[in-house]
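Chains as they are written, first to last, in the working numbering: chain A, 1 to 288; chain B, 1 to 341.
Certain hints may be false.
With a Cα cut of at most 20 Å, we get these calculated SDA-like pairs of lysine to any residue [what the hints assert, rightly or not]:
{"hint": "1", "chain 1": "A", "residue 1": "Lys155", "chain 2": "A", "residue 2": "Gly86"}
{"hint": "2", "chain 1": "A", "residue 1": "Lys182", "chain 2": "A", "residue 2": "Glu171"}
{"hint": "3", "chain 1": "A", "residue 1": "Lys17", "chain 2": "B", "residue 2": "Ile208"}
{"hint": "4", "chain 1": "A", "residue 1": "Lys17", "chain 2": "B", "residue 2": "Leu307"}
{"hint": "5", "chain 1": "A", "residue 1": "Lys6", "chain 2": "B", "residue 2": "Val205"}
{"hint": "6", "chain 1": "A", "residue 1": "Lys17", "chain 2": "B", "residue 2": "Thr127"}
{"hint": "7", "chain 1": "A", "residue 1": "Lys6", "chain 2": "B", "residue 2": "Leu326"}
{"hint": "8", "chain 1": "B", "residue 1": "Lys140", "chain 2": "B", "residue 2": "Ile208"}
{"hint": "9", "chain 1": "A", "residue 1": "Lys155", "chain 2": "A", "residue 2": "Lys107"}
{"hint": "10", "chain 1": "A", "residue 1": "Lys6", "chain 2": "B", "residue 2": "Ile322"}
{"hint": "11", "chain 1": "B", "residue 1": "Lys140", "chain 2": "B", "residue 2": "Glu157"}
{"hint": "12", "chain 1": "A", "residue 1": "Lys107", "chain 2": "A", "residue 2": "Arg65"}
{"hint": "13", "chain 1": "A", "residue 1": "Lys94", "chain 2": "A", "residue 2": "Tyr124"}
{"hint": "14", "chain 1": "A", "residue 1": "Lys6", "chain 2": "B", "residue 2": "His16"}
{"hint": "15", "chain 1": "B", "residue 1": "Lys80", "chain 2": "B", "residue 2": "Ser155"}
{"hint": "16", "chain 1": "A", "residue 1": "Lys17", "chain 2": "B", "residue 2": "Pro308"}
{"hint": "17", "chain 1": "A", "residue 1": "Lys17", "chain 2": "B", "residue 2": "Thr306"}
Footprint (simulated), chain B over chain A, 3 or more residues, beta carbon under 8 Å [unchecked claim]:
{"hint": "18", "segment": "29-42"}
{"hint": "19", "segment": "80-91"}
Since the hints were derived computationally from the structure, they do not count as laboratory data.
Cβ coordinates follow ideal geometry from the N, Cα and C atoms, glycine included.
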Amino acid sequence: MLNDIKVGWRTFRSIFKGMGITFGHLFSPSVTLQYPEERMELPKGARARLYVNIDDCIGCNLCARACPVNCIDIETVPSTADVDLGVTSTGNPKRFWLTRFNIDMAKCMYCDLCVHPCPTDCIYMVPEYEYSEFDRTNLVYHFSNLKPDMVASVKVKAEIEAEEKLKQKEELARQKAELAKKKAEEQAEEAKPKSDEPAAGDPGKDIKPETKPVSDESDKDESKPETKTEGAEPAADETGKEGIKPETKPESDEPAANDSDKEGIKPEAKPDNSDADSDESSKKENGE
Amino acid sequence: MNLFANITSLPSILLHAAIPLTIILVYALVAIWGERKIAGFIQDRLGPMRVGGFHGWAQSIADLLKLIQKEDIIPTDASKFLFKFAPFMMFAASYAAFAVIPFSSGYIGSNINIGVFYLLAVTSLLTLSIIMAGWASNNKWSLLGGMRSAAQMVSYEVPTIATVLTVIVVTGSLNLMTVTEMQAGNDTLGFLPNWLILQNPFLIVAFIIFFISILAESHRVPFDLPESESELVAGYQTEYSGMRWAMFMLAEYADMLLLSLLGAVLFFGGWNSPFGEFMSGPTWGFFWFMLKGLLLVFVMMWIRWTLPRYRVDQLMHICWSILIPLSFINLVFVALWELIF
Numbered sequence: 001m002l003n004d005i006k007v008g009w010r011t012f013r014s015i016f017k018g019m020g021i022t023f024g025h026l027f028s029p030s031v032t033l034q035y036p037e038e039r040m041e042l043p044k045g046a047r048a049r050l051y052v053n054i055d056d057c058i059g060c061n062l063c064a065r066a067c068p069v070n071c072i073d074i075e076t077v078p079s080t081a082d083v084d085l086g087v088t089s090t091g092n093p094k095r096f097w098l099t100r101f102n103i104d105m106a107k108c109m110y111c112d113l114c115v116h117p118c119p120t121d122c123i124y125m126v127p128e129y130e131y132s133e134f135d136r137t138n139l140v141y142h143f144s145n146l147k148p149d150m151v152a153s154v155k156v157k158a159e160i161e162a163e164e165k166l167k168q169k170e171e172l173a174r175q176k177a178e179l180a181k182k183k184a185e186e187q188a189e190e191a192k193p194k195s196d197e198p199a200a201g202d203p204g205k206d207i208k209p210e211t212k213p214v215s216d217e218s219d220k221d222e223s224k225p226e227t228k229t230e231g232a233e234p235a236a237d238e239t240g241k242e243g244i245k246p247e248t249k250p251e252s253d254e255p256a257a258n259d260s261d262k263e264g265i266k267p268e269a270k271p272d273n274s275d276a277d278s279d280e281s282s283k284k285e286n287g288e
Numbered sequence: 001m002n003l004f005a006n007i008t009s010l011p012s013i014l015l016h017a018a019i020p021l022t023i024i025l026v027y028a029l030v031a032i033w034g035e036r037k038i039a040g041f042i043q044d045r046l047g048p049m050r051v052g053g054f055h056g057w058a059q060s061i062a063d064l065l066k067l068i069q070k071e072d073i074i075p076t077d078a079s080k081f082l083f084k085f086a087p088f089m090m091f092a093a094s095y096a097a098f099a100v101i102p103f104s105s106g107y108i109g110s111n112i113n114i115g116v117f118y119l120l121a122v123t124s125l126l127t128l129s130i131i132m133a134g135w136a137s138n139n140k141w142s143l144l145g146g147m148r149s150a151a152q153m154v155s156y157e158v159p160t161i162a163t164v165l166t167v168i169v170v171t172g173s174l175n176l177m178t179v180t181e182m183q184a185g186n187d188t189l190g191f192l193p194n195w196l197i198l199q200n201p202f203l204i205v206a207f208i209i210f211f212i213s214i215l216a217e218s219h220r221v222p223f224d225l226p227e228s229e230s231e232l233v234a235g236y237q238t239e240y241s242g243m244r245w246a247m248f249m250l251a252e253y254a255d256m257l258l259l260s261l262l263g264a265v266l267f268f269g270g271w272n273s274p275f276g277e278f279m280s281g282p283t284w285g286f287f288w289f290m291l292k293g294l295l296l297v298f299v300m301m302w303i304r305w306t307l308p309r310y311r312v313d314q315l316m317h318i319c320w321s322i323l324i325p326l327s328f329i330n331l332v333f334v335a336l337w338e339l340i341f
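Working from the sequences, and respecting the hints, build out all of it.
Below is the structure:
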């Protein structure tokens, strides 16, 4: 009997304790956010959507290489000698036209690995998370601000310059080779018993240091994924010359076209830059 | 002041029928919205916020319109007539009991001298309609749910009646209007109202037993086993949809209000103002009466979001081996108290 009363007392005490707790919560502020009207502030460093400040991009391709899922697609074209693309806001000179800079946010896994390699800090996450689309292709973001006709003309110019460089390089290589041959012949004449071995080695040794600056340039070129002419470069032998010569034949016509292109591009490039500036300012506003 | 004394002509009968119906319908809309808001607030949420502007006040109306548009599905092998009839009978049972509730000093549907007896008799039809719904669905789970529900209601009717009887022992009248009138005035300890719960310590025990029993009778948490919406489908309502289901819902909310109002009449002075003559009169009486009833309804909702659900065996144990003996012992003590004082 006494025990029953104790149990009853405990029961009611715990019920009223519980009811006290719920009554307290009746007046405590709600944790609900009325979503479309109210939004939670994203924490610092939230990974929501990638953004590229294209005016600061130097086309180094580091982000695309860092990407584990290959969602960044970059195509660059080296700028020709007649165009100065200027410098980024961090002071790095820009040497490439960015003809394509696409990020497929449908593939992106928000790992943030592309953000840190960027030398100019131009690729970063922005706190924008409401970008669902009905069509998956709409999730591919195009950051390049070059117009299609601009892209085409830039490509043509870059190709022509690459060919010219190649030609110059071959010419240089040929001259060096001839020079080396002459030297070798002279040496051979001077010292016949020493056989051909050093003679065959010497021209190679002589050529290599002299061609180094050229090969350095070609190394830089290799960082571009799509320079077709690169394939011909290693085969810069006499057989290569034959293959290139027919290509260089129409060059006599092209310089004229090239000149006209230069004249055509320069005025175009100026408004483009101004566009880019305005874009930059507007994007910064958006970003902040 | 008795505005509706003559019940002779048909318009007057219809008027008498319409007043409780209006009260029930308006109350149901407010209570369903209120229950969801209270649930939200207790759980630190907001509850409905979209429909109608201020705190989603029109949510119940939107739900009602949705339910009206729904298809009226009747299972192929169901007993058609009983299946269709059960929800309306359930609502009718709740609704009919409102006839003897004195809403204010100027209005009672039917001022009969066996009011409480009539109320308890009519509400026992709820059990019948629940079994009817469960059986007519031709679904074993519905039948099981109906049987459980009926068992619960039949069991808890005993302590309810026993506690009501304790009040009747004190008042000596089955007429709820008389019971209310007996509680007028502020004489208890000089200033407290003459409500029965304040006059007799054993009536406090009676009220606690009564409140637990009406929680079980109206299938509220922690005794909502027949439905237990977080565990079962819906008990006897499983096969119902659309407006027929809404009738069950309405009947349950009406039952909740009915039993709360009965509690207010029996223990809290009905339409009597807590301040004696101040703020009394038929309109104020209605206000005080509804306020008391709705406060009890609020406590029911409050308990719903506080306590977990009992098991079936615990439910029956509480009823048969605790509440029923306690209520009868309490009846004896109340009777002794009345003899002595």
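Hint check results:
1. A:Lys155 with A:Gly86: holds, 19 Å
2. A:Lys182 with A:Glu171: Distance of about 16 Å is within 20 Å: holds.
3. A:Lys17 with B:Ile208: The given pair, whose Cα atoms are some 17 Å apart, holds under the 20 Å limit.
4. A:Lys17 with B:Leu307: holds, 11 Å
5. A:Lys6 with B:Val205: Roughly 16 Å separates the two Cα atoms, so the pair holds.
6. A:Lys17 with B:Thr127: violated, 34 Å
7. A:Lys6 with B:Leu326: holds, 15 Å
8. B:Lys140 with B:Ile208: Not satisfied, since the Cα-Cα distance of roughly 36 Å exceeds 20 Å.
9. A:Lys155 with A:Lys107: The given pair, whose Cα atoms are some 28 Å apart, is violated under the 20 Å limit.
10. A:Lys6 with B:Ile322: Judged against 20 Å, a Cα distance of about 14 Å means the pair holds.
11. B:Lys140 with B:Glu157: violated, 25 Å
12. A:Lys107 with A:Arg65: holds, 15 Å
13. A:Lys94 with A:Tyr124: Given pair Lys94 (chain A), Tyr124 (chain A) holds - Cα atoms ~19 Å apart, limit 20 Å.
14. A:Lys6 with B:His16: violated, 50 Å
15. B:Lys80 with B:Ser155: It is violated: about 29 Å lies between the C-alpha atoms, which goes past 20 Å.
16. A:Lys17 with B:Pro308: The given pair, whose Cα atoms are some 14 Å apart, holds under the 20 Å limit.
17. A:Lys17 with B:Thr306: holds, 10 Å
18. 29-42: holds (count 5)
19. 80-91: violated (count 0)
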